[in-house]
Amino acid sequence: MSEAREFKYIGQSTIRPDGFDKVTGRANYGADLSLPGMIWGKILRSPHAHAIIKRLDTSRAEAFPGVLAVATHSDFPSVTDQAIESGEGSLTLLDLARNVLAKDKVLYHGHAIVAIAAKTSAIAEQALALIDIEYEVLKPVMDVREAMAAGAPILHPDMFTQGLAEKPTTASNVATRLEYKMGDIEAGFKDADVVVEREFYTPTAHQGYIEPHACTVRFEKDGQSMIWCSTQGHFDVRASTAKLLAMDLGKLKVIASEIGGGFGGKTTVYLEPVALILSRKSGRPVKMIMDRDEVFKATGPGSATRSWVKIGARKDGTITAMQGRLAYEAGAFKGSPVMMGCMTAFTPYAVSNMYIEGFDVVVNKAKVAAYRAPGAPQAEFAVEMLVNELAVKLGRDPIDLRLQNAAQEGTQTIYGPKFKRVGLVECLEAARDSKHYQQALAANQGRGVAAGFWFNVGGQSSVHINMNPDGTGTIVEGSPDIGGSRASMQMMAAEAMGIEPGRLKPIIGDTENVAFSAGTGGSRTTFATGMAVIEAAEDVVAQMKQRAASMWNVTAEQVEWVDGVALNTAGEDRLSLAEICAGADRTGGQISGRGNINARGAGPSFAVHLCDVEVDKDTGKVDVVRYTAVQDAGKAIHPKYVEGQYQGGAVQGIGWALNEEYIYSADGLLENAGFLDYRIPVASDLPMIDAIIVEVPNNFHPYGVRGVGESGIIPPLAAVGYAVENAIGVPVTDLPLSPPRVFNLIQGKG
Amino acid sequence: MAKLHITTSINGEATEFLCEPHETLLDVLRNDLQMTGTKEGCGSGDCGACSVTVDGRLTCACLVLGVEAAGREIGTIEGIGSSDKLSVIQEKFLEHAALQCGICTPGLVVSTQALLEQNPNPTEAEARYFLAGNLCRCTGYDKIIRAVLDAAATMRGAA
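Going down the list, the sequences are from chains A and B.
The working numbering runs 7 ahead of the 1-based position in the first sequence.
The working numbering runs 1074 ahead of the 1-based position in the second sequence.
Chain A extracted, bound-state conformation (with noise of 0.2 angstroms):
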């Protein structure tokens, strides 16, 4: 694409298509359908962190009056183990129906056991307190160091690491053991002047979504069945439900409502294959919600880690040598996102010399889900906090060693390729050159500096844009809407045709009206499926062209389109849009245009964040008085929404560095499960957020776009977690940083 391109429609932040139903209570979530004759279903969840079935009776509790159907495991049909396809994150076909539905073994204190749908939720809720059920209680493992130690109980008898050089004889909670490597690395710390090394933790964290998991479905008896749901993919959700029931895809119909959050914890599946389980026995439609306990202990959360990172520079600033060890929890079941961890940890810095090496650990809590840039939070975390450490030995300011050794075009990545125009310099030279940088820090502040990196992805995207005969047209895309995507698509496809974006409206195909489109997930939306948009646009340009062509006996080359209207280059005739939907009849049928890609070139969204924080050293409270976030758009299409996905990951970042983790009693036992005790940020905790869009276009995309809804989540936690250390002088190692933690830093005893 040209860089001095101008645009008619994009860079402006319209009013999102979507908004008056938004604002007015009429958008319809995953727990707002109803249908006639429709039940109610509720879940059973193991009380116990770790323990065997010994024995299951749900026949008081189906004998209850109004209770119409049970569901447990043995329901489900028999499956070959294989991996499925969902979103960000991974699950085999058995662990997923074991997640659904425990078989014989339940891991984590919340686990789903039976589901029963009743007349009335609460007539469900009664019968759940009938189910006959003997545990045998076992010993959790509640940390990635007593999962990995000698002795330690093990989850899965048929677990056996994978990765080792030698194929291991007994079994592990280590599912996985893996490496990356470049250059020489003892070469690379001879060559260091300085070294600097530290070890980190970091909790437990859930995604947060204000909507708990939700759906209404129907099972029909000819066998085509309707799930509603609030997912981030529901093609997702109907590859996912199909496998594990054993039905056609064509015979599963997903709709995905208006979803209330996800952050990648809506990318895998919970109640949908339960509540059709509970439709087929019952003949009846039913609804599951889940309450706030059970999302919270049943569902999401992001991987807590234990990490040790080293890194040694020359005097001169040069960084010679990064090493590093992850260790991530996966939860009940293995597929953590360490992988993106190791792949993410150094790689906003072009240094010659890496190792990392990964462990994906199973341990008795649930099983982890996508979590915003999954994995990265987590290991660029340590990084930064060391070169923010690293900088303080050179005595270098820690956005000019930054600099100095910043990833840029043509640096080799550890996971394999070089990078094209990346936006890693604009956005330092954004953070070094705003005002919040030069402000001056007052008494008990400190200031911490980071930057992020997440790859961004791409993937298949379908869209169909019908037009009307009175000019106005229908976008049918397949990637749900999270957070105003539809704005962006109406403007992209607006752009391409040379119309006004209000004549266009966005809508969410389900799975029957729109071939399929990969989640919306890994920043692709306003990449991909805006892609695939422009494509569908663009053809729908030409078609327009042809028919004008046709009217006027000239060739379609001999068309021009400018402004939304049909111009004949060897006459004076002009047709607009409209007149050419509204002869349409005469000249071929109507008009819909088609793009369906599977997009290559997401460009990586780096981001730099500066936050400085106040210590109140009587009782370790810390207040986030100035935040500033930068990033790289490629190009921003509504620069609120931009803005806003920089100032939501920011402050989702803030929330995890400062107070949000999972608090587990000693028998494994959460807690914590609820909005009051896992306290994410809510407006009093916080100041204004900054938001500097950096604009470094990415080639890939026609009008330059980079994804954006990830990298801003990865910064916070070093920017938080430095600025904190800044403050008091005393090193951070463990997230979060709550009052206790901060004052017994402050007092020596951390």
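Keep in mind that a hint or two might mislead.
To be verified - Cut-off 27 angstroms, straight-line C-alpha distance, at most; resulting in silico cross-link-like pairs (DSS-like, lysine-lysine):
1. A:Lys126 <-> B:Lys1159
2. A:Lys647 <-> B:Lys1159
3. A:Lys228 <-> A:Lys317
4. A:Lys512 <-> B:Lys1159
Hints listed in this document are in silico derivations from the structure and should not be mistaken for laboratory results.
Note that this is a predicted model, so its numbers are computed, not measured.
Chain A is already provided as a structure; the job is to place chain B on it using the hints.
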């Protein structure tokens, strides 16, 4: 147990419903009256997604029983703005892009209206503290607070 017959007023409209004694006002609104604009995020009064007013007082509908609506005046998101004209607060939320997923938005609009009725000229800190009971996980609150302050200024100007 027999259902109870309740007579109340919702958004100024006389309304009757039958409910179980244990049902919350939120259950009644969403499940019995199909008024799904009021959202449920937690069921324990911690998230504010179900913010409504009872006799003008801002309340979480999940913390009130349906039977307690008897004889009261209930205000919900469905009573704010009309199908052809949004309220100033709603317009400002859209203009400032003060929502992403939108699940917290109805509750925030109800709470903001309650704030501005009590305090037409809030400082940023007053707005942040008043709205601290309404969780938003998407926006980081920046644009919400800007929308609230702009709405307040616009409404003062219009008054």
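Against the structure, the hints come out as follows:
1. At roughly 40 angstroms between alpha-carbon atoms, Lys126 of chain A and Lys1159 of chain B are farther apart than 27 angstroms, so this suggested pair is violated.
2. The suggested pairing of Lys647 of chain A with Lys1159 of chain B holds, with an alpha-carbon distance near 23 angstroms, which does not exceed 27 angstroms.
3. Of the pairs offered as hints, the one joining Lys228 of chain A and Lys317 of chain A is violated, with about 61 angstroms between alpha carbons and a cut-off of 27 angstroms exceeded.
4. Between the alpha carbons of Lys512 of chain A and Lys1159 of chain B the distance comes to roughly 20 angstroms, so the proposed pair stays at or under 27 angstroms and holds.
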